[in-house]
Amino acid sequence: YFDQPEVLHQVRKVFILLGCCYAGMQLIGSLLLCDPPYEQELIVNNTMEEEEQTALQNYTKKGDTASLLPSNHSENREPVSQGDDVVNLRPLEVLRSKYFYMLWVIFLLNGQGKVFISTLYKAYGQTFIKDDSFLSVVGSFAAIFNASGRIWWGFLADKTSFRVSMMISMACFTCLILTFQVTQLQGRETFFIWVCLLFGSLSGSYSLLPTATAKCFGREYMAMNYGLVFTSQIISSPLGAFLSQQLISQIGWSGLCFMVSSFTFTSKFYTNNAVHT
Numbered sequence: 001y002f003d004q005p006e007v008l009h010q011v012r013k014v015f016i017l018l019g020c021c022y023a024g025m026q027l028i029g030s031l032l033l034c035d036p037p038y039e040q041e042l043i044v045n046n047t048m049e050e051e052e053q054t055a056l057q058n059y060t061k062k063g064d065t066a067s068l069l070p071s072n073h074s075e076n077r078e079p080v081s082q083g084d085d086v087v088n089l090r091p092l093e094v095l096r097s098k099y100f101y102m103l104w105v106i107f108l109l110n111g112q113g114k115v116f117i118s119t120l121y122k123a124y125g126q127t128f129i130k131d132d133s134f135l136s137v138v139g140s141f142a143a144i145f146n147a148s149g150r151i152w153w154g155f156l157a158d159k160t161s162f163r164v165s166m167m168i169s170m171a172c173f174t175c176l177i178l179t180f181q182v183t184q185l186q187g188r189e190t191f192f193i194w195v196c197l198l199f200g201s202l203s204g205s206y207s208l209l210p211t212a213t214a215k216c217f218g219r220e221y222m223a224m225n226y227g228l229v230f231t232s233q234i235i236s237s238p239l240g241a242f243l244s245q246q247l248i249s250q251i252g253w254s255g256l257c258f259m260v261s262s263f264t265f266t267s268k269f270y271t272n273n274a275v276h277t
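In terms of UniProt numbering, the sequence shown opens at residue 1 and continues consecutively.
Quick caveat, the hints were computed from the structure, so don't treat them as lab data.
Some hints could be false.
Unchecked claim - In silico DSSO-like pairs for lysine-lysine, Cα to Cα no more than 27 Å straight-line:
1) Lys268 <-> Lys98
2) Lys122 <-> Lys13
3) Lys98 <-> Lys13
4) Lys268 <-> Lys159
Unchecked claim - Simulated restraints, written as ranges between beta carbons of each label pair:
5) Thr190 <-> Ala147: 21 to 27 Å
6) Cys20 <-> Arg219: 21 to 27 Å
7) Gln26 <-> Gly187: 18 to 24 Å
8) Leu18 <-> Asp131: 20 to 26 Å
9) Leu18 <-> Ile235: 26 to 32 Å
10) Met224 <-> Gly29: 30 to 36 Å
Since the structure is predicted, the reported quantities are computational estimates derived from the model, not experimental observations.
By construction, the Cβ of each residue, glycine as well, lies at the ideal position given by its N, Cα and C atoms.
All chains should be modelled from the sequences, with the hints used to inform the complete structure.
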């Protein structure tokens, strides 16, 4: 994107400066890590046990305990999608569940939007905005929307459900990406708003999918199970970069926006069946 020698000569220094800043931040974060107090851990564990017992009693009254009680045939154990998560599936058991592959595909498809907007928003902006400093400011505010958006989508999921929140998130992103080229006609202010809203809407996947993983497979092995779901990004990131670089000269920005929106729209069908909560 740049070929000026005075710019390129500063790249090495910038990487060194960023590396030092990140190392300092990581060091501070590592020093602040600690285990929770023993008393608090007991309270959390007791609360989880009470919730599980309450959920089990509720299902017992409904005569539907088969899906909650442990089974000797782990391949038949499906996620608990109503009430609190009583069954805690191990990673190998999760791999036998169809719900895992639904969540995996949702993350894969939504990841295409993340790759597109995070890597090419500036390249598209440069087609009609010649102020690189302004584009850097756009990226900074977009990062704020990305972080705060995760809080918002998590709050919405607590008030409604995973399915409702994810459907709204994907609908917003689909509409915004389909109308992204309108910003070229409306000017830099509209571009600024659209990019921030795009980052805010796509952040939903990173707060909602951990929730869905816990709902589906339980809390005990949630970190490892979500790690398995996150492996979709191993394919999503390089695939998105490859498609963007190879197709931009053939289908243009309009085609790329339509392609990315079709990925997000397709994931809505999986979301509708992934978690019934």
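Consistency of the hints with the structure:
1. Proximity of Lys268 to Lys98 is assessed by CA-CA distance (about 16 Å); at most 27 Å being required, the pair is judged to hold.
2. Among the hinted pairs, Lys122 with Lys13 is consistent with the structure: their alpha-carbon atoms are about 22 Å apart, no more than 27 Å.
3. In summary, the hint linking Lys98 to Lys13 is not supported, as the alpha carbons are separated by about 48 Å, beyond the 27 Å threshold.
4. As the CA atoms of Lys268 and Lys159 are separated by approximately 20 Å, the hinted pair is consistent with the 27 Å bound.
5. Between Thr190 and Ala147 the beta carbons are some 23 Å apart, a value that agrees with the proposed interval 21 to 27 Å.
6. The hint said 21 to 27 Å for the Cβ distance between Cys20 and Arg219, and at roughly 38 Å that hint is violated.
7. For the hinted restraint 18 to 24 Å between Gln26 and Gly187, the CB-CB distance of approximately 39 Å leaves it violated.
8. For Leu18 paired with Asp131, a C-beta distance near 22 Å keeps the hint of 20 to 26 Å intact.
9. A C-beta distance of roughly 27 Å is found between Leu18 and Ile235, which places it inside the suggested range of 26 to 32 Å.
10. Against the hinted window of 30 to 36 Å, the Cβ-Cβ separation of Met224 and Gly29 comes to about 22 Å, which falls outside the hint.
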